[in-house]
Every structure is written in C-alpha cells, then in structure tokens.
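Trainee: Given the sequences, and given the hints that come with them, work out the whole structure.
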Amino acid sequence: MPQMNMMQALTSAMDVKLAEDERVLAFGEDVGYFGGVFGVTRGLQEKYGSSRVFDAPINEGAIIAMAMGMATNGMRPIAEIQFADYIFPGFDQIISELTRIRYRSAGQYTAPVTIRTPCGGGIYGGQTHSMSPEAFFTHIPGLVVAMPSNPYDAKGLLISCIESDDPALFFEPKRLYNGPFDGDPNKPQSSWKDHPKGEVPEGNYTVPLGVADVVREGSDVTVVAYGTMVHVALAAAEAEGVDAEIIDLRTLIPYDIDTVARSVQKTGRCVILHEAPRTSGFGAELAAQIQEDCFYSLEAPIQRVTGWDTPYPHAHEWSYFPGQERVARALKKTVEFA
Amino acid sequence: MPKATKITKGPLKGATQDDIHEFYRMMLLIRRFEERAGQLYGMGHIAGFCHLYIGQEAVVTGMQAAITDGDQVITGYRDHGHMLACGMDPKGVMAELTGREGGYSRGKGGSMHMFSKEKNFYGGHGIVGAQVPIGTGLAMSNRYKGSDRVCLTYFGDGATNQGQVYEAFNMASLWKLPVVYVIENNMYAMGTSVERASAETELYKRGISFEIEGEEVDGMDVMAVKKAGEKAVKHARSGKGPYILEMKTYRYRGHSMSDPAKYRKREEVDDIRSHRDPIEGLKHQMIDAEIATEDELKALDKEIKAIVKDAADFALESPEPDPAELWTDVLREAEAV
Numbered sequence: 243m244p245q246m247n248m249m250q251a252l253t254s255a256m257d258v259k260l261a262e263d264e265r266v267l268a269f270g271e272d273v274g275y276f277g278g279v280f281g282v283t284r285g286l287q288e289k290y291g292s293s294r295v296f297d298a299p300i301n302e303g304a305i306i307a308m309a310m311g312m313a314t315n316g317m318r319p320i321a322e323i324q325f326a327d328y329i330f331p332g333f334d335q336i337i338s339e340l341t342r343i344r345y346r347s348a349g350q351y352t353a354p355v356t357i358r359t360p361c362g363g364g365i366y367g368g369q370t371h372s373m374s375p376e377a378f379f380t381h382i383p384g385l386v387v388a389m390p391s392n393p394y395d396a397k398g399l400l401i402s403c404i405e406s407d408d409p410a411l412f413f414e415p416k417r418l419y420n421g422p423f424d425g426d427p428n429k430p431q432s433s434w435k436d437h438p439k440g441e442v443p444e445g446n447y448t449v450p451l452g453v454a455d456v457v458r459e460g461s462d463v464t465v466v467a468y469g470t471m472v473h474v475a476l477a478a479a480e481a482e483g484v485d486a487e488i489i490d491l492r493t494l495i496p497y498d499i500d501t502v503a504r505s506v507q508k509t510g511r512c513v514i515l516h517e518a519p520r521t522s523g524f525g526a527e528l529a530a531q532i533q534e535d536c537f538y539s540l541e542a543p544i545q546r547v548t549g550w551d552t553p554y555p556h557a558h559e560w561s562y563f564p565g566q567e568r569v570a571r572a573l574k575k576t577v578e579f580a
Numbered sequence: 008m009p010k011a012t013k014i015t016k017g018p019l020k021g022a023t024q025d026d027i028h029e030f031y032r033m034m035l036l037i038r039r040f041e042e043r044a045g046q047l048y049g050m051g052h053i054a055g056f057c058h059l060y061i062g063q064e065a066v067v068t069g070m071q072a073a074i075t076d077g078d079q080v081i082t083g084y085r086d087h088g089h090m091l092a093c094g095m096d097p098k099g100v101m102a103e104l105t106g107r108e109g110g111y112s113r114g115k116g117g118s119m120h121m122f123s124k125e126k127n128f129y130g131g132h133g134i135v136g137a138q139v140p141i142g143t144g145l146a147m148s149n150r151y152k153g154s155d156r157v158c159l160t161y162f163g164d165g166a167t168n169q170g171q172v173y174e175a176f177n178m179a180s181l182w183k184l185p186v187v188y189v190i191e192n193n194m195y196a197m198g199t200s201v202e203r204a205s206a207e208t209e210l211y212k213r214g215i216s217f218e219i220e221g222e223e224v225d226g227m228d229v230m231a232v233k234k235a236g237e238k239a240v241k242h243a244r245s246g247k248g249p250y251i252l253e254m255k256t257y258r259y260r261g262h263s264m265s266d267p268a269k270y271r272k273r274e275e276v277d278d279i280r281s282h283r284d285p286i287e288g289l290k291h292q293m294i295d296a297e298i299a300t301e302d303e304l305k306a307l308d309k310e311i312k313a314i315v316k317d318a319a320d321f322a323l324e325s326p327e328p329d330p331a332e333l334w335t336d337v338l339r340e341a342e343a344v
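Residue numbers (my numbering), protein chains in the order written: chain H, 243 to 580; chain E, 8 to 344.
None of these hints come from the bench; they were simulated from the model. Watch out, some of these pointers could steer you wrong.
As the list claims (entries may be wrong) - Think about it this way: if two alpha-carbon atoms lie no more than 16 Å apart in a straight line, the pair counts; the simulated EDC-like pairs of lysine to aspartate or glutamate are:
#1 E:152 - H:264
#2 E:290 - E:275
#3 E:152 - H:263
#4 H:575 - H:485
#5 E:312 - E:42
#6 E:290 - E:26
#7 E:290 - E:303
#8 E:183 - H:485
#9 H:289 - H:263
Just so you know, these numbers come straight off a predicted model, no measurement behind them.
Mentor: Below you can see the structure in the form of structure tokens.
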C-alpha cells in the first residue's frame, strides 16, 4: 500500500473526488496556480484545469458565500481558508447562511460545502497563524466539524465530508502534515513513512463522520483527544507508564459520545486534551456530557489539559502548547486520585 | 380584454397589452398582499419582523419580466414581493408569515427566510448584504455548468455599504459572471437616509473601480425597470459579466411594522405616493392608451382581493407545524447518529 504524508493524503482525497464527480471543485487563496500555501492542492490545477481548481482573491467571506451559492445549485465545492486564523471574515456566512439554509428552507436547499483549513501551532506562527478555533464552530447547529490526526483518517474523513450533504469544516493540524508530532519540539521531525496510519489506499474510501477511534486500549484512565494531541497523549501515557485508553474523536460534530462514555464507564477516570484555550473550549462540552452520562462511574474529577487562556505566543510557543509534561501530570493526578 | 398586440406609441410602447395587464396585476397583487399582511400583523396573527414592500412593486415586476424561466433570484429580507413576482403561491407565502405548516419553510423561516426550489428563488436573507456573494456564487455555478442562466441579486441601499458586496463585485467582474446586481434604493436603511450613510450617494457608480457598468433607473416605473432590466440581463447572459442597476424607489411604510418612520416627513411620503406611485402611474397610462377601463381595473382589483383573502384564510387555517419539526433539517449526519 502507498505511504503518504498527511498533505499527500489530502491531495489524494481531492484528486479522487475531482476525478469521479464533476460537481466537485476546489478553490481558495493560492489554491490553483501556486498549489496551496502548504502544497495540499499541488498538481490539481494541472490535472483538472483552472475551471475546477482555481485561485480566489483574498476575501474569506465571499469565498465561503460563493461556495454556498454554488452548492445550493447542485455543486460540491471545496473551499480552502489558508489558515484557520483567517476564517473569521467568513464567520457570518458560516453562521447565518451556510449552516442554516437547510433548516430555514425546510430542506428545499442544502449547502454541501467543505471548508478545509490548516490549524494549530508548533510552527512559530504566532497569534494569527496558530489558532485552533474549533470550539466556535461546534457551537453552530448545522455544521460538521472534523479534525484528523493521521493521513489515513485525513483522506477518509475528507472524502466523507465532500460526499456529505451537510456543510463541513475540516481542520488540518498543520504540525502533523509531515509526520506525527508528540509534543517534544527538541526531537527531530518524525515522518509518516513506516507509520501504520501513513498507509493510504489510492482510491476512494471513507472514514465515517461521528465515529471515534480507540487508538490505544487501556484500563487506568480514558484520554479524549483529537488532532495533534492524540500523539502527545500516546507519548505521555507511555512516558508516565499509565495504562491509558486513548480516544481520537476524529469529528467534533457529530461527536461519538457513546464510545467515550463506554470507555469512561470502564476506567472511571478521564482526561480531556486540546490545544485551544481552556475556557469554553470543546473540552468543556465533553466534560459536561461525560459527567451526565458517567456520573456513577467517575472516581476522579475530569481533568482538562489545554492551551492557556492567552493568545498563541510567538516566543514561548512551547510553554503555551499543552505538551507531554502537562499531560503526564494530569494523567498521574487523575489516576492517583482516591 | 388583454391582447397579444404590441402597443406602438406612448409610454407603453413596445410592450404587448398582455404584458401590461400582467404588470398591473402583479403590482396590485403585491400591494394587496402586503396590505393584508400588515393587517394580520396588527391583529397579532403575524409575529416578529415583517418588512412590507408597498411602494416598490415596479422593481420586482419589471425585473421579473426581463428574465426567463430557470434564471435565479435572491434577495434580502424585504422579500414578499420578490416571491410573488417569481410565481410563488400567495397562500404558501402568507402561511410562512403566520408560521404555519403550509408555509414555504413550514414555519421555520418566517417573513425573511423563504425559498422555492421549483421557482429558482434562493431566499429571503435576514443579514444585510449576505446574499450578495451567495448570488454571485449562483452565477458562478451557472458558468461552471455551461448554462446561460443569470442570477438576479437584489439588495438595498443599506447593504451597499457592506464590505462583502465589494468582495462579490470583484469576483464577479474578474470572472465575468452572469449576475445582475439590483440595488433597491428606497432612500432609507431602516432609519438612516442614504445621505447620512454613504460618501457616494449615486449607488450605480459603486462598481466603477471593479469595471462594472451601472445605471440609474426610475424604480417607480415598471416600463423603465423592464427596459433597463432587459439590457442588463442581456449583458450578463452574453458573457460580458455583471451589471449594476440602481432602482430609485420608495417604501411607503416603515422599515418594519414597529417603525413609526419619524426620520422622514409625512409630506415626503404623500408627495411620492401622489406623484410617483407605480400602480397609479401604470393605471393612468393604460386608460390613456385605451387598453383598459376604470371598470375593468376595478373588477381586477376585486379578483385580486379574493386571491389575497384566500391566502390569508389559508394562513390562519393551516395548522402550526408539528413540534418535532424543530429538530429536522439541521444536520443530516446528526439525525442519522
């Protein structure tokens, strides 16, 4: 089976859909001729022409609105927002238009738009090129929110999003593009080569939306994570010698509370991880739902390990990033709580 | 009484008698519908927001005559007239205003959010200016599909100050998209006059730096609207890109039902009503051209009042939507999980 990094897997997902479905097109800032700021759309314009893969001016609001207009008339556009931090000029279009047209037209129109956007820190991007703004979007009814942690899932989830009749926001943790990142910035860049999740089939396959992946089975504590934090969790559990059950949510909306609840009912303990700030982060939703579903199973308070409630700093990036040490400390505290 | 013969002289020159009768009929339907909606609102049968189109009827009537079946229409929140002009059923529109099951969005949309896939009507949008790039996206899909369809994208004078309008203008001109931007300048963005909000008050010029042609049109004259509309639609359909029409029009009622309209003088409204009213204007032209009599037009009014009464009755008799409707049409995936 071919080995791909996450960028190649995403390119392959779009390649597959562009080839098999004329309704699919891809556009955004630098997407066509340049091939995308990180190269995720590289080669697609050459292959499918500039009417299907093209550059947009720098206007995120209208990029999302244009995609919606096309989608309501039967197309399946993939719009790239160059960095997740740039999505806010399009926030109104996502909230007021894209995610509501199905509801307010009582199902007459749907807007199957997929918005792809790189997110997360770890590349010294500072405040405006490092955000993980997923929580804002999980608060909007009518939007699928996905964030893969590896190339295999990235391709399968992206194809699921493109094929879904619902609008979807697809976050790509850019620190994972080239290899799994376990939160230790001093180690050399790892690669997806030889990683089992770097094995990516060439053709069409899907990873279902709303189904979490138990990436490590364990009995001491449940760790709920997504994106980059899945790899940090694996490394921290190993370093700390904790038998953690690690769950990769893969999609935040819909989210697989059944898998999470089953695990917490088994372990009785739970730590939630995300890179975004703590207050009103997606971890708050998870913690609330877990205590509702697992109250009588819980043997320790649910812990959250997250970014700080500050902007993403440039100089102290690794003090902000919820790395292995912070995760390990929370695991220990939770497991030892009596 | 109506005939397919073309009128050869006077202000109605070029149109058939049938066309003129249809324009008159449509404008009157919109007016009577809106008057009735205003009454139902006053009686408490319509709740929330309700923006009446009274005074602006010539704009949608003339523009609708300039497009053909399959062309798309999208607009903002003052949308009842657009829906009727598109051929949507007055019953379904009124029942949406009353929030009933028989409404176009089964009560989930209300006055500002109605749609008809069958009539290529894309809403009904409550956020000022948000429909402008969406309409531009519809035009993009037309070009991509290789169809010759045009999208009429309506917005008001207030929306012309929204940034996303200019994002849309740039893309539409850059890619030569088949879209006609119809600015309905009724002189007031809610309570703020154009002069108090706009550095350039001649709104048809707003496309100049995007190389989009624009022109000012008497939006109270259905024939002038139709003529300008035909030119603009032909331009867009032929691949030359977008076109801007600034319709100088006027709304007689407040911005919404809760607006006492204290930002303008009563005399201003009265003056326009008595000198520029689109329906009265056309009526006089029809009588002068001897293609209708007072009696015939009175009979037509009666007929239209009956249609509107039926719509109102339907809107009151249609049941409230099932409470389970609250959770449908949100997210297919969530419903499946």
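Trainee: Now, for every hint given, state plainly whether the structure supports it.
Mentor: We went through each hint and held it up to the structure:
Of the supplied pair hints, the one linking residue 152 (chain E) and residue 264 (chain H) holds, its CA atoms being roughly 9 Å apart against a limit of 16 Å. With a CA separation close to 22 Å, the supplied pair residue 290 (chain E) and residue 275 (chain E) exceeds the 16 Å bound. Proposed proximity of residue 152 (chain E) and residue 263 (chain H) is supported: the alpha carbons are some 13 Å apart, at most 16 Å. With a C-alpha separation of about 14 Å, the suggested pair residue 575 (chain H) and residue 485 (chain H) falls inside the 16 Å cut-off, and the hint holds.
The straight-line distance between the Cα atoms of residue 312 (chain E) and residue 42 (chain E) is roughly 10 Å, inside the 16 Å bound, and the hint therefore holds. Using a Cα cut-off of 16 Å, the hinted pair residue 290 (chain E) and residue 26 (chain E) holds, with the two alpha carbons roughly 13 Å apart. Of the pairs offered as hints, the one joining residue 290 (chain E) and residue 303 (chain E) holds, with about 11 Å between alpha carbons and a cut-off of 16 Å not exceeded. Proposed proximity of residue 183 (chain E) and residue 485 (chain H) is contradicted: the alpha carbons are some 61 Å apart, above 16 Å.
Taking the CA atoms of residue 289 (chain H) and residue 263 (chain H), the gap is about 14 Å. The hint holds against a cut of 16 Å.
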